[in-house]
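K.L.:
Can you build the whole structure from these sequences, using the hints too?
Protein chains in written order, with this note's numbering: chain A, 6 to 294; chain B, 544 to 792; chain C, 0 to 272.
Please keep in mind that the hints were generated in silico from the structure rather than gathered at the bench. Source: prediction; values computed, not measured. C-beta atoms are modelled at their ideal positions from N, C-alpha and C, and glycine is treated no differently. A few of these clues could be false.
Below, computed lysine to aspartate or glutamate pairings styled on EDC-like, alpha-carbon distance capped at 20 Å [unchecked claim]:
1. C/K121 / C/E168
2. C/K201 / B/D687
3. B/K753 / B/D720
4. C/K269 / A/E166
5. C/K121 / C/E79
6. A/K162 / C/E172
7. C/K201 / C/D213
8. C/K121 / A/E259
9. A/K78 / A/D271
10. B/K558 / B/D608
11. B/K708 / B/E601
12. B/K660 / A/D18
13. B/K753 / B/D778
14. A/K60 / A/E49
15. A/K162 / C/D213
16. B/K782 / B/E750
17. A/K60 / A/D240
18. B/K708 / B/D665
19. B/K708 / B/D608
20. B/K782 / B/D748
21. C/K201 / B/E750
With beta-carbon atoms standing in for the labels, derived distance ranges [unchecked claim]:
22. A/V123 / C/M28: 23 to 29 Å
23. B/A688 / A/S63: 56 to 62 Å
24. C/A174 / A/R107: 33 to 39 Å
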Amino acid sequence: MNPAAPAAGPLPDPFPRRIWPRVMWVALSVYVIYACAQMDISWERLQIGLANAAKFFSRLFPPNFSREDLLVKGLLESLEIAVLSTTLGITLALPIGLAAARNLMPPWVSWPARAIIVMARSFHPVIVAILFVKAVGFGALAGVLALTVASVGFIGKLFTEAIEEISLKQVEAVRATGAPFASVLAYGVMPQVFSRFIGFGTYQLDSNLRNSTMVGIVGAGGIGGTLFAAFQRFDYDFVCAILLSIIGLIMVGEVLATAVRAIFIDNATLGDLFRKRSKIPRERVLEDD
Amino acid sequence: MLELRHLSKSYVAGKPVLIDINLEIAARGITSIIGPSGTGKSTLIRCINRLVEPTEGEILFEGADLARLSGAPLRQARRHIGMVFQEFNLVERLTVMENLLSGRLGYVSPWRAWRRKFPESDIRKAYELLDIVGLAGFAHRRADALSGGQRQRVGIARAVMQEPKLLLADEPTSSLDPKTSVEIMELLAGVGRAREIPVLINMHDVELAKRFADRVVGMSGGRVIFDGAPVYLTDAILKQIYGGENWLQ
Amino acid sequence: MESAAIGAPPVAQRRWTRFARAQRLTRFMVYLVIVAAIVASLRTIEVIPEFLYDAPEQMVDLFSRMWPVDWSHYPETVHEALIETINIASMGTLLALVLALPVGVLAAHNLVPFTPLNLFAKLILVSSRSVNSLVWALLFVGIFGPGALAGTLAIAFRSIGFVGKLFGEALEEAAPGPIEALTATGAPWWSRMNYGYWPQVKPAFWSIALFRWDINVRESAVLGLVGAGGIGMALDSALNLFQWDRVALILFAILIVVIIAEVVVTQVRKRMI
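P.N.:
What follows is the structure, given as structure tokens:
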């Protein structure tokens, strides 16, 4: 078809109408109407809620930081849960992730390992926390165990993917020197995946920090329990203080994670970190929750 | 038509890239700017339509000093200056027709542009231009499906869609093979003559410059050191432009 | 033999170390801090030994109560709750997409070269991400009462940070050349966004949307634990009544829904490429 222009008269359509986007928009609108009906969402409920919201917010502010020891205790516990679960998670994820790599391991090793990783990822940390609370009782241990499972699922999956993407040529080269398997791993496999592994690890620490503020709601320790209790007592100004502290803690966590990545992946020194930010190149994006 | 007075630019204080440039571009003709890399050719071209901010100087065009404009007046002034880029700078995922019509974005309200409601005269012009640049039938192809030469043709067509009073080209052929380069230069020169507008082209290929330009401006070390017809571009002068150690400061 | 480079020590005296001294020092300090953090955490974490020894027995007890799974319970409550869960996830994601677009644009410096606005937008995004969807759900249940409305808003507000951050990064990575060309034609800001940035980030946008929907399906399933609708509410009641066979059913149902969501996402992804 040659849409050349006649000097006068009707022109060929400059923008061919594509039907799919139209159909999608219509389908989307229909869905939205249906879903709002199913969930019983209406303007009235929103309006009532907004009126409530105003009252609610007035009770949130100003935030009440007076119960510091309770606050700090909760935050510290969350921090501990995050640290321990990330450590334990990484420790377990390394061998499991390695075992699950199809390009390095025989199927009878890789399939069970992959199954473990999939199971670990399938359930929301809160659900796993509930189960662990039943098993080991209320408290931070349940939280640590629950987030360890989540960490193994996340780090294990990404670690396996990283290993399966490595260039086997480099591994062969090391093998050809007659090095034992451990050395092949250390010099052939690890250098290729190490920097990504640091990325996963720091991300998981942040993620566990975020989740550790929540597992307390089901009794698995951390500031979540404090938050929930305050909520049920209608201590909304304390709730606000807790929320602000959580946000602050996580912001600090993200800054530290970026710093650690810069140190280990880009070989920055302390001086580099404090000097102009331009020295630290953009980190690769990694979000999973 | 276009006058540059005492134009200077330093990206880093104390290391000027353009030093006191004074140039007058007449209302017609192909002017080619040559010089070694890093000598400020690209900066000069980009200062004219303020893609780069000049440090000092005046840029007189259509009765206004472009260096002093901002906001809506600047946008309106830019409408009258078309630009062709070395890397073509098309929007890859849009069709050729959409890329062409984006040359009219300075004239069409954002709302109508979003809904793709361009005036019929614009669409007619777009089809005509496609014919002129030799891409009839390509209207609905995606830009990233085109070859380099074809993309540059679209780039030229887009610039001409603006109905500019001045056409700028920043190394338009540097990413193209020799044969295509000649074709693109012919197209640029042809467009300039047909529409009777001045064309200012940055290039590093001296032979092309001599062949197509009516006037050559040679730069070295951030200054203009030659300005005249191509016949006067002797080897000695070329050596002065391109040779020597101090064209980098 | 002389070494070829003037000023370099003779070959025999050169040492190869992997990192320069300053880098080694920094790495060492990080290791130190990490180890200290782990040790400190181990010390202060409360572990009640009786519970720990009890644990295997408890787990066996738990699993024995979960089996056989109470399948009959499904049609009455679980099915409808699952539908509601998916709706919460989908509507929440849609709302988040709409809200995150402007925030993501504000956070991208190349689009909005006004740093205070960038920082403000980034603050919104960080806050959104730092608060768990479960905690958002608590808040919204407090404001709007229990039900799916609270759940949808919780999902939406949590997802704004995720979508906004990734979208903002996609915007910052857009090729500047075409934008330069559009600026040179005198196009106003909105047209530059529309013709220059949006075509470039569209694939990334849909990819992010799909990704977040997948995660949100998982998140929506547990919001009911604090009363924000969906299958979590059925889970909550079953837990409170210690009906472990129903709990098992619900967990199984959640697993199936999550798997289906993953399959859907993978298929759509393939078609999008």
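K.L.:
Now look at each hint and say whether the structure bears it out.
P.N.:
Against the structure, the hints come out as follows:
{"no.": "1", "hint": "C/K121 / C/E168", "in the structure": "holds, 11 Å"}
{"no.": "2", "hint": "C/K201 / B/D687", "in the structure": "holds, 15 Å"}
{"no.": "3", "hint": "B/K753 / B/D720", "in the structure": "holds, 18 Å"}
{"no.": "4", "hint": "C/K269 / A/E166", "in the structure": "holds, 19 Å"}
{"no.": "5", "hint": "C/K121 / C/E79", "in the structure": "violated, 38 Å"}
{"no.": "6", "hint": "A/K162 / C/E172", "in the structure": "violated, 27 Å"}
{"no.": "7", "hint": "C/K201 / C/D213", "in the structure": "holds, 19 Å"}
{"no.": "8", "hint": "C/K121 / A/E259", "in the structure": "holds, 13 Å"}
{"no.": "9", "hint": "A/K78 / A/D271", "in the structure": "violated, 35 Å"}
{"no.": "10", "hint": "B/K558 / B/D608", "in the structure": "violated, 25 Å"}
{"no.": "11", "hint": "B/K708 / B/E601", "in the structure": "holds, 18 Å"}
{"no.": "12", "hint": "B/K660 / A/D18", "in the structure": "holds, 11 Å"}
{"no.": "13", "hint": "B/K753 / B/D778", "in the structure": "holds, 12 Å"}
{"no.": "14", "hint": "A/K60 / A/E49", "in the structure": "holds, 17 Å"}
{"no.": "15", "hint": "A/K162 / C/D213", "in the structure": "holds, 16 Å"}
{"no.": "16", "hint": "B/K782 / B/E750", "in the structure": "holds, 14 Å"}
{"no.": "17", "hint": "A/K60 / A/D240", "in the structure": "holds, 14 Å"}
{"no.": "18", "hint": "B/K708 / B/D665", "in the structure": "holds, 17 Å"}
{"no.": "19", "hint": "B/K708 / B/D608", "in the structure": "holds, 15 Å"}
{"no.": "20", "hint": "B/K782 / B/D748", "in the structure": "holds, 14 Å"}
{"no.": "21", "hint": "C/K201 / B/E750", "in the structure": "violated, 43 Å"}
{"no.": "22", "hint": "A/V123 / C/M28: 23 to 29 Å", "in the structure": "violated, 38 Å"}
{"no.": "23", "hint": "B/A688 / A/S63: 56 to 62 Å", "in the structure": "holds, 59 Å"}
{"no.": "24", "hint": "C/A174 / A/R107: 33 to 39 Å", "in the structure": "holds, 36 Å"}
The structure fails hints 5, 6, 9, 10, 21, 22 (numbered hints given earlier, in ascending order).
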